[in-house]
Amino acid sequence: MNFRNRLSALAAVTLVAGLALSACGGDDSADDKASGGGGGGDGTYTFLPKNLGNAYFDTSDNAGKAAVEAFGGTYQEVGPDKASPDAQVPFINTAAQQGVSALIVSANDKEAICDALNEARDAGTKVVTFDSDVNPDCRDLFINQATADGIAKVEVDMIAEQIGDAGEVAILSASANATNQNAWIDVMKKDIADNHPNIKLVDVVYGDDDDQTSFDKTAALLQAHPDLKGIISPTTVGIAAAARYLSTSDAKGKVALTGLGTPNQMREYVKDGTVTEFALWNPGDLGTLAAYAAKALVDGDIKGDEGDTFTAGDLGDFTVDADHTVLLGEPFRYNADNIDDFDF
Amino acid sequence: MTAPTLERPAETPAYAAHAHSWWRRTLLTPEIAVIAALVLVYAWSNANVANFDGPLTLYYLFLDTAPILLIALPMTLVIVTGEIDLSVASVVGLSSVAVGMLHHDAGLSIPAATVLAVLMGMAAGAVNGFLVAYVGLPSLAVTIGTLALYRGVAVGLLGTQAVTDFPQKWTDLAKERIADGSSYPVILIPFLLLLIGFAWLLHFTAFGRGVFEIGLNSEAAHFSGVNVELTKFWLFVLSGAVAAFAGVYYTLRYGSARGDNATGLELQVIAAVLLGGVSIFGGRGALHGVVAGVLLIGVISSAMRLENYTVNVINIVIGTLLVLSVMTTSLLGRVRSLAARARGGGLRPPGRPQPDATASASTPAPPSTEERHQA
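Taken in sequence, the protein lines are chains E and A. Under the numbering used here, residues 1 to 344 are what the first sequence spells out, in order. Under the numbering used here, residues 1 to 375 are what the second sequence spells out, in order.
The hints are simulated quantities; they were obtained by calculation from the structure and are not laboratory data. Here the structure is a predicted model, which means the values were calculated and not measured. We put the CB at the ideal spot given by N, CA and C, even for glycine. Treat the hints with care, as some may be off.
Claimed, not checked - Residues on chain E that point at chain A, a partial pick, calculated with CB under 10 Å: (1) L52; (2) N54; (3) A55; (4) E77; (5) D109; (6) E111; (7) D137; (8) N177; (9) D208.
What the hints assert, rightly or not - From the derived model, a few chain A residues whose C-beta atoms are all more than 10 Å from chain E: (10) H104; (11) G107; (12) A112; (13) V115; (14) V135; (15) V155; (16) A162; (17) S183; (18) V228; (19) D260; (20) V311.
Said to hold, decoys possible - Partner residues are not named here, just some residues of chain E that face chain A (Cβ under 10 Å, in silico): (21) T46; (22) P85; (23) A96; (24) T276; (25) F342.
All chains should be built: construct the whole structure from the sequences, respecting the hints.
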């Protein structure tokens, strides 16, 4: 009898001690880190990508880190493990609690994180969005990687060149709700209808920026549309998965693939002939520009109004456009001739 | 140890579960261990984590955990019967889409849309309940199916768009504080009402006693007059209703109705319920432990985020905790049954099943044969 209850007492104590210890062990090692500037000091720049473990955001955030360190600020990167609409909110709340100087965000949802961002701004944090925007009244600046028109046009131009401006094409997108993807797809549809009468857009499928899903959707596309001539995938995860599928299938060389990709992911498919040409801005430059724009806001050099100008390190001078937006530039085309000049 | 059990005759004072004073039986439980852990971690974080003692911490903690707190209530009852409902997060998504469409496309007011969404949640739960209770399919399989089904319908209905034009009045209400400057958001009021309701249902009614009996031994429950099918059916309906209500809150809090809202929430709910001391095999658990389990996960995540840990590290810590807590309960049960055998186990009425927590928390070992030998 006693034995039994002593056991339960022992178990209770062990459990409690285990919990307490695991919390202590974790937090102790963090104290040094936090005192370095995470605890609400001046000049902390927090990057919040759509999700962690995404090579694209690793590139932009690492460039942002280099920029932040170059101008003497403290860099942090936090983020959820999956790009669901609400998952960023706790991290934005945490930044507000910490009173960081600036929050540099790529939004998973235009609206869902809006109030949280405004709460952070009320607490004195400057909010810069990059890659994927929120409603304009929830941030100080948006760093636009390229205009929707520019991106859509370069992708349609590339596929038109590769398939001889005629035939069936399909789009492999990220998630059905991705702000930027849908804007680009709308412009592409219009561009195809207006300027490429012989190209027919037969399908838009969503790979959710998941490698396996995108791979499967590519397979399904080829099955559903035997006359498919080309695939446009305006997402780095999608185009890599599609290229991987095509490179091992009969369709290699017959179905053209283009879109937005990164050189490191696409290198082998450009070299083996699966992909002729794809486009992208430089996400590293995007992260750098976002970091310098955030610094200009934090230092009070700019307010984010139209016509404000600031210098972004080696990238040169930038001017704020309408709607508190800064444009990085035109998309860049990568092909067999230049791909080895890039490493990201 | 304190799980409500069958009425026992007073003349068996040697009965294990009643052999000790009430305070020992109340205090030395997994629930109290979780509550103590919550208090310790909270106090430790308050003293050691920068910005944790700020006014926003608790406010955000409650806002973030509110959907989990809500859904954990019916989930506790479902798991106590030995079943599981994996479709809750998809019901949240479905309800989010329903509220968005009913408001945006059909022009309904938010309260009207909420009522319809909750009715739809009940219908979704009724499908689960019918298939599990009356068709007799395993709930794991049924609700994995409806997890995909309801999510598919939700994403399919709204397609690529998100409804965001909710009246400010209602989106503000979802984030409103009980009083100015208070750390407690108003969503805690419906939660507390539901908590009282579910605690009463589970711990103070014949229905609740039936829920435990089903978890311990469904057949025995049936023969002792519990309507097993109807009980399970209503639990799934309740689960659907509360998940749909959480979906409405979710939508208004983020001001965005989307088909993929709350993806993966079901695992957070189940993790919290199990951490709160509910046995995955059914038959034991209590709501105070579950509430503490939800808050414990919330406090740990909040403190670790403030210390700039990435989400992966946070997941590892919470995952480890969960495994430890399940292991502790299970190991404890095994050690106890071994100890009981070593002692001879003669203190239990021979030949009678022992429907208490020990038996259910361990693997369903067959003590009766052993005991008969001894007796």
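Status of each hint after checking the structure:
Interface restraint check: L52/E against chain A, minimum CB-CB distance 6 Å, threshold 10 Å, status holds. A distance limit of 10 Å between C-beta atoms decides the matter here; for N54/E the minimum to chain A is near 13 Å, and the interface restraint is violated. With a cut of 10 Å, the hint placing A55/E at the interface with chain A is violated, because the nearest CB-to-CB distance is about 16 Å. Taking 10 Å as the C-beta cut-off, the interface hint given for E77/E holds, the closest approach to chain A being about 8 Å.
At a threshold of 10 Å, the smallest CB-CB gap from D109/E to chain A is about 6 Å, leaving the interface hint in force. Annotation: E111/E was flagged as interfacial toward chain A, and the flag holds, the nearest CB pair being 4 Å apart, inside 10 Å. Because the smallest distance between the Cβ of D137/E and any Cβ of chain A comes to about 13 Å, over 10 Å, the interface hint for this residue is violated. Residue-level restraint check for N177/E holds (minimum Cβ-Cβ distance to chain A is 6 Å; threshold 10 Å).
Among the interface hints, the one on D208/E holds; its C-beta lies about 9 Å from the nearest C-beta in chain A, closer than the 10 Å criterion. For H104/A, the shortest C-beta to C-beta distance to chain E comes to about 13 Å, beyond the 10 Å cut-off, and the non-interface label holds. G107/A, annotated as away from the interface, keeps every beta carbon of chain E farther than 10 Å; the closest lies near 20 Å. The claim that A112/A is not at the interface with chain E holds, since no C-beta of that chain comes within 10 Å of its own (minimum 22 Å).
Every C-beta of chain E lies more than 10 Å from that of V115/A, the closest at about 24 Å, which supports listing it as non-interface. Consistency note on V135/A: stated as away from chain E, and its beta-carbon is indeed over 10 Å from all of that chain's, at 31 Å minimum. Look at V155/A: its CB is around 7 Å from the nearest CB on chain E, not clear of 10 Å, so calling it non-interface is violated. For A162/A, the condition that its CB be more than 10 Å from all CB atoms of chain E is violated, with the nearest at approximately 6 Å.
The beta carbon of S183/A is kept farther than 10 Å from every beta carbon of chain E, the shortest such distance being approximately 12 Å. Look at V228/A: its CB is around 30 Å from the nearest CB on chain E, clear of 10 Å, so calling it non-interface holds up. Not every CB of chain E lies more than 10 Å from the CB of D260/A, the least distance being 6 Å, so the non-interface label is violated. A cut-off of 10 Å between C-beta atoms contradicts the statement that V311/A is not in contact with chain E; the least separation is 5 Å.
Hint status for T46/E: holds, given a least beta-carbon distance of 9 Å to chain A, under 10 Å. This hint holds: P85/E has a C-beta 6 Å from the nearest C-beta of chain A, less than the 10 Å allowed. At about 7 Å, the closest approach between the beta carbon of A96/E and any beta carbon in chain A falls short of 10 Å, and the interface hint on this residue holds. Proximity of T276/E to chain A is violated relative to the hint, the smallest CB-CB distance being about 29 Å (cut-off 10 Å).
Violation of the interface hint for F342/E is found here, the shortest Cβ-Cβ separation to chain A being roughly 27 Å, above the 10 Å cut-off.
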